[in-house]
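J.: Sequences listed follow chains X, L, P and D, in order. Residue numbering for the first sequence follows this note's numbering, beginning at 5 and increasing consecutively. Residue numbering for the second sequence follows this note's numbering, beginning at 18 and increasing consecutively. Residue numbering for the third sequence follows this note's numbering, beginning at 193 and increasing consecutively. Residue numbering for the fourth sequence follows this note's numbering, beginning at 1072 and increasing consecutively.
Keep in mind that the hints were calculated from the coordinates and are not lab data. Check before you lean on any hint, since a few could be wrong.
Pair ranges (Cβ atoms, derived) [stated by the list, open to error]:
#1 Gln87(X) <-> Ala118(L): 56 to 62 Å
#2 Asn404(P) <-> Asp146(X): 42 to 48 Å
#3 Trp168(L) <-> Glu1134(D): 42 to 48 Å
If you want the footprint, here are the derived chain D segments under chain P, 3+ residues with CB under 8 Å [stated by the list, open to error]:
#4 1358-1368
#5 1389-1397
Everything numeric in this text was worked out from a predicted model, so none of it was measured. Glycine included, each C-beta is placed from N, C-alpha and C at the ideal position.
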Amino acid sequence: MASYNGYFLAIKLGPIPITRERREILEKKVCLLSAQKICKSFGKNNVLKSVDFDLEAGEVHALIGENGAGKSTLLKILFGIYQPTSGDINLEGKTVRMKHPVDAIGHGIAMIHQEPSVFEDLSIAENIFTGHFENRKIKWEDLNRKASEAMQEVGLQFSPARMMKGLSVAEQQLIEIASALSSDAKIIFMDEPTASLTPGEVENLLALIDTLRKKGKTIVYISHRLEEIKAISDRITVLRDGEIVGTYQNSEITKDQIIQKMIGKEFRSGGRKKENKTFGQPFLEVEDISIPGIFEHVSFQIAKGEIMGVAGLMGAGRTEVARGIFGITPVKSGQIRIGGKEVKIESPEAAIKNKIALVPEDRQGLGLFVSEPIAFNTTFAIIDSIKKRLGYIDTKKEKKISEQYVEGLKTKCRSVSQKVGDLSGGNQQKVSLAKWISTNPDILILDEPTRGIDVGAKEEVYRLIRKLAEEGKCIMMISSELNEVVSLSDKVMVMYEGKQTGMLAKDEITDVRILSAAHDCLEEAQ
Amino acid sequence: MKHKLKINRIIRPELTVFVFMILSLVVGILLSPNFLDIRFLLGSTIFYCELGLMAIPFTLLLTSGEIDLSIAANMSLVACLVAVLYQAGMSMPVLIVIGIAVGTLLGFFNGLLVTVTKLPSLVITIGIMSVYQGFSQVLVGDAAISGFPEWFIGLDQYTILGLIPLNLIILIVVALIFSFLLKKTVWGRKVTAIGLNRGTALYSGVAVEKTKVLLFTIQGTFCAIAGIMTMSRLQMAKYTIAGDGQMDVITMVLLGGTAFAGGRGSVLGTLAAFFIIVFIRTGMRLALLSNYSQMAILGLLLIVVIIISNGLEKMAKKYE
Amino acid sequence: MKSRKLNLSSFRELGVIAMIVIIYIVVCIIEPRFFSTTSLVNILLFFPFLLIVSLGEMIEIVSRNVDMSLGAILACSGYAAGLLFKTNSDIPIAAAFIVAIALGCVLGLINGFIVTRFQIPSVIVTLGTMNIYRGVIFILGGKQIDNSVIPQSLMALSQPKESIIGIPYSVLIALLAAVLLAVFLKYFRAGREIYEIGCNPAAASLRGISNNRVQMFVFTLAGGLSGLAGMVFISRIGYMDPGAAGRGLEFTAIAAVVIGGTSMNGGVGKVTGTVLGCLLLGVIQNAISITGISGYWQEAIYGIIIVVSVIIDNLIKNRLAVSEAR
Amino acid sequence: EKKGVEQSAKSDSSKQEETQGSTDDKEKGSAKSASDVTVRYICLTKGIPYFDPIIDGMKESVEKAGATFQDTAPDTSDATAQIPLIEAAIQDKVDVICISPSDPDALCATFDKARDAGIMVLCVNDDITGNEDRRDGAVMSTDYDKLGKENFEAFAESMNYEGKFVALSSKTGTPFQENQMQIYRDMMAEDEKYAKMEFVDVLYGDDEATKSLTEAEAAIQKYPDLKGIISPTSVGIVAAAQAVENAGMTGKIMVSGTGTPSQCKTYLENGTMPNAYLWDTGLCGNVAGTLAVKLATGEATLEPGAEIDLGEYGKVTADDDCLVPAGDPLKFTKDNAGDYDF
Ligand SMILES: Nc1ncnc2c1ncn2[C@@H]1O[C@H](COP(=O)(O)OP(=O)(O)OP(=O)(O)O)[C@@H](O)[C@H]1O
Ligand SMILES: Nc1ncnc2c1ncn2[C@@H]1O[C@H](COP(=O)(O)OP(=O)(O)OP(=O)(O)O)[C@@H](O)[C@H]1O
Ligand SMILES: [Mg+2]
Ligand SMILES: [Mg+2]
């Protein structure tokens, strides 16, 4: 895997220099795809309000905006997943109707979706080529070879015949990217492709996008990470509340300006508090726990009020440790002590009894009931505490609690009776967080708590995590985002291939040390 | 605003079932002049009460995403066992308790098998169906065992106000209790949650396996009760006593608006579907419609009711 | 290492094969006459129409549907073919095959249309159409088609004496259908689409696959297969009783399909597994008949063997999966 | 006096009274003229070709007598499937229920109810053996004992009175089949000429085509020296013949039993089945229909030993259980199979 320094370099370098050929293409300003006066409403909710958006051939066009601004909705309309309430789509000057993704694919558009949509029980090769097999008849050898090539491009090295099942979210995301790239689409939509990727893969992807751009492909790129957007895009469109704030040349606009346009007001970063806190006795003590074949010899201690970050490359086994502690796949050996007392956690119920909470990484599959209202979801983990006699659910209380959390976390929704599946990704994550915070746990395990959340919301989540820590909770935060690990953690555990390769104290937490440990070369770095 | 909210409240999947219930009553009246005889009509329910009684817990089971095809077999096994033991000289009241215990145990066993092997319950219970059916055949052979004590025979003939059969009362009371459990209580919500998304339910600390075993066990209890009620009504026990009852139960539950894949269920819907089946069948029988026409009409009804209730649901969404 | 993994994963059916062998050996010990070609042919004869229906049920389950009407479709198409013979005694059998398959396709298409047009779960739709299809036969008369009108040449398909290397034609027809279906499912885009929509319908739709079109196709194909099974059924039994033919066959087929490793959650399933599943049921049925187990015990033992087979097969599969993951 | 459906829990003691009660009803019914009489036939299940002539015959004779005929049937042969149909007949206040009972025990309680309501219950084709006092009478197609004896004799003759044979029955313990097989056993025990024959096994095909076939094939395989299969069920006899043909044993294994001529024609003609037995089911329907109307109008009463003149359908005599056989058994061979149309 490429070195991480390259990633920071790419960010520091800013926009990639424009070559002569590209300048020619770009200067022609051929409008490839354009959306005119697109409106979209879901019921009474106007999500897009007369959006004009145009895409020039050969450019990388970034879309940015807060959670729920309507970015995904816009792309989904252009891809034929949703039908606009009104408005037109033009492709190379002709008005087209996108009634189904099949139309968009036929017009040479490919899309990488925000939520991975993979075929778990099918092989990787099939996952890559579904939707654009070359012929009616399938030659598997050819296909496997091509699949290997496509995986190579995104830095994966699985056997193409391997089933998709068991790959991590990030790996799935990479397969989806490989799939979009292997189709010979002219236009590629990327909806937060990097949300669950680690820095190395992000860098790899950015390099790949650059190659694509050189090949003349046109790309729409959604991300909440401004560095990436500054590094890769030609033009940037900012969306706010379903309206276009403006489209800017990358060189014309600074990060701070972008943020300001996104949220419509001055942005103050929470900053990093460098005060050295002291903590009391360790509250959660994990000693030498293992699940053979998954992870081994993991030990750590967290005191009340302490935040332990857990870093590592994808597939390092961080999620598995969390699942082990939470009793989903109980640990096979080792000890877990809470407040000095040894506990055996064989099931999630036992974990919850011991006041542990886990906000899972896969919010749709494991965190939420997408077809149910916000209220149902928010209170589900504490449902036992809002019953009256005979187990009767106190719906008033349920509503009140949910509304409190919607307000507290600034979740964007119509009411607490809205279906969670209808919320934007970021807002779904907030509901998932609310569900677990409401259990008032002593120990809170967060697995990728800010996956797919916009800058503003992220700050809120950070503030929330800090506040929870101040309230005296033990927090274990698994994250692939280096920034948040560095800025939030009081200590950091780093994992590599199921082993614990580092435990960094407060004053040791730096990007470089974390990354070295994540590659199991901490000693070399020192 | 308020007005529209109300429309939303009213248009629910169950509504169609209730409308069809009334419709089937009207059809019945049109089909035969002898149909509208309340006493007869209520009396006709007793052939289906046992099935209805099994359909109530079945609604919950299906809501949690599981299915039990062995219910009718369980029912006849309990009946045969009770009958054989009665012949051997045990006393009936004791046997009723034993019978219910055995049925419960059989249900518990199903639940255990399904949760331990983690195989689809549809498949496990297809096999179990043969096993239970086979055991009752082994127990009684082809004999029909009768000669039960006087008080035990014809429990279905007791009526309230000389009009409503006891069985029907039991069914309605049980349905109301289970409806409350499913819709209003924490436990019911957990059952629904398991059917909606097993993973999320597990991560939220729901004892998924235990709940499922419990549901199978309750199902077993009701199979046993149904078995004993049937014995009392027919005054005999035989291994074919329950026939293919599971198909009628499934039809009832689905007609009532419970989702086959789990996650949505309505006990009152099942109850209404029970009445639809009673009315339609009774009406068609009085009209001397051939049984296959009856089958075809019931099949059509199942599809039409669900098409319409889906349509209504969509309409309700629009009003939102 | 790599090749070992591959070997194991392509041997998912090991459990079923093991069960078949175990039961066969046990029965041969109890009743040595079971160890003969006649008994093998009898086992084979048991399964043609079950296999053909199971293939249809398999693609339905793979595409996340369940079809309860296949037995009724079998009865309808078989009945139609029987009527054809009755009204016109010298009609060629090929024509009857075509009529039966075509009618099966149409009935399947009706299922598919209702499922996709109104978005109702297939179990409900087919539970309804099962009754409708069978009901309609009777409304149209529905008297049994007697042995005397069924042409001898059709009956010969299921008789061991007219066979290729001792294998009756009906078995070959079923196996041919299985092979064709296997090739189609593995090497054709349209075949893969069935797995794709079964595995993740939303994702398939995002990749430009029309869910409805594929489902319609699946229902039609399953219906057509049941139509074919109707003909094979007549050739085996020699007459057509539209009330009893294929009654409850769906459940047997579902059992065979799932024993063969197809997942009820869709997206997973192989033709070889289904063939083996049917074979296992055939072995069980014949074993019970030949060991002369008392009539009272047959049903119970049949059920026990099915449950035990499913469980053992699952255990072996899990073992394989674990060793593969290592 | 309308009794309707209302019933309190009936005790055994009250059942004696019922019998008398229904006699009263019969007397009361004597006022009725034939045109006021409704006879409803409840068949075993729908779609069994065997029953078609019974229905047709009954319809013909009832209508000839000037009364109304109706028929209905459940869709399964479950023991209890006929109960709601009887209830419906009670509700419709028919005069006579003719029924081919699916079970000798399960229906008794409902019969009591019908008779309490003044409806005559006549079993047709099958009887509720062991519970004869809970129906008014029974019309059987023929004398089944006689049939069993004739059938077995013909079967034995075709086997040259030697060798192994099996019986292919329907479900375990169905009365008719069990009775027939008992007759075979008795005959073998009583008469020396059957000494070389060996009754080796009873197979149960559940009256399912595939299961019967599988069972028969397994038996042929299990007993390589098998000489005959006798099957007192119409599904079984065809399956047995089919199995013998499949095994290529035509002429070596003899098949006989009860079956309709149209079903058996092919096998009778090709020699797999030297003979088959049945009775005139149409006549059974005629007799039952005429008798039903006569009883309802009071022209005749059914008592043990009663001789009743049924005009064109001949004279019948009731036995001690008020059971009336309609005619003699019929024997089918390759020569006469084509003469019948059922
Ligand atoms: N299917 C739907 N039904 C109803 N409302 C929807 C639906 N999909 C999206 N919305 C609403 O539309 C708005 C925009 O959502 P969208 O997913 O486009 O946001 P986004 O900009 O992609 O946000 P994020 O960064 O969180 O992914 C949200 O308020 C969301 O609640
Ligand atoms: N259900 C599963 N079956 C088989 N293997 C799995 C399963 N879940 C995860 N794995 C594998 O276990 C390893 C550890 O995965 P895990 O999700 O714990 O990593 P992680 O450090 O949390 O990474 P990330 O969250 O960034 O994806 C990975 O190689 C993954 O492919
Ligand atoms: Mg989005
Ligand atoms: Mg993880």
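J.: Are the hints correct? Go through all of them and say.
T.: So, going through the hints one by one against the coordinates:
1. Look at Gln87(X) against Ala118(L): about 59 Å separates their beta carbons, and that is inside 56 to 62 Å.
2. At roughly 30 Å, the beta-carbon separation of Asn404(P) and Asp146(X) lies outside the given 42 to 48 Å, and the hint is violated.
3. The hinted range of 42 to 48 Å is satisfied by Trp168(L) and Glu1134(D), whose Cβ atoms lie roughly 46 Å apart.
4. Check result for the region 1358-1368 of chain D against chain P: violated, 0 residues qualifying (beta carbon to beta carbon below 8 Å, three or more required).
5. For the region 1389-1397 of chain D, the stated coverage by chain P is not satisfied: 0 residues place a CB nearer than 8 Å to a CB of that chain, which falls below the threshold of 3.
The structure is inconsistent with the numbered hints 2, 4 and 5, although it conforms to all the rest.
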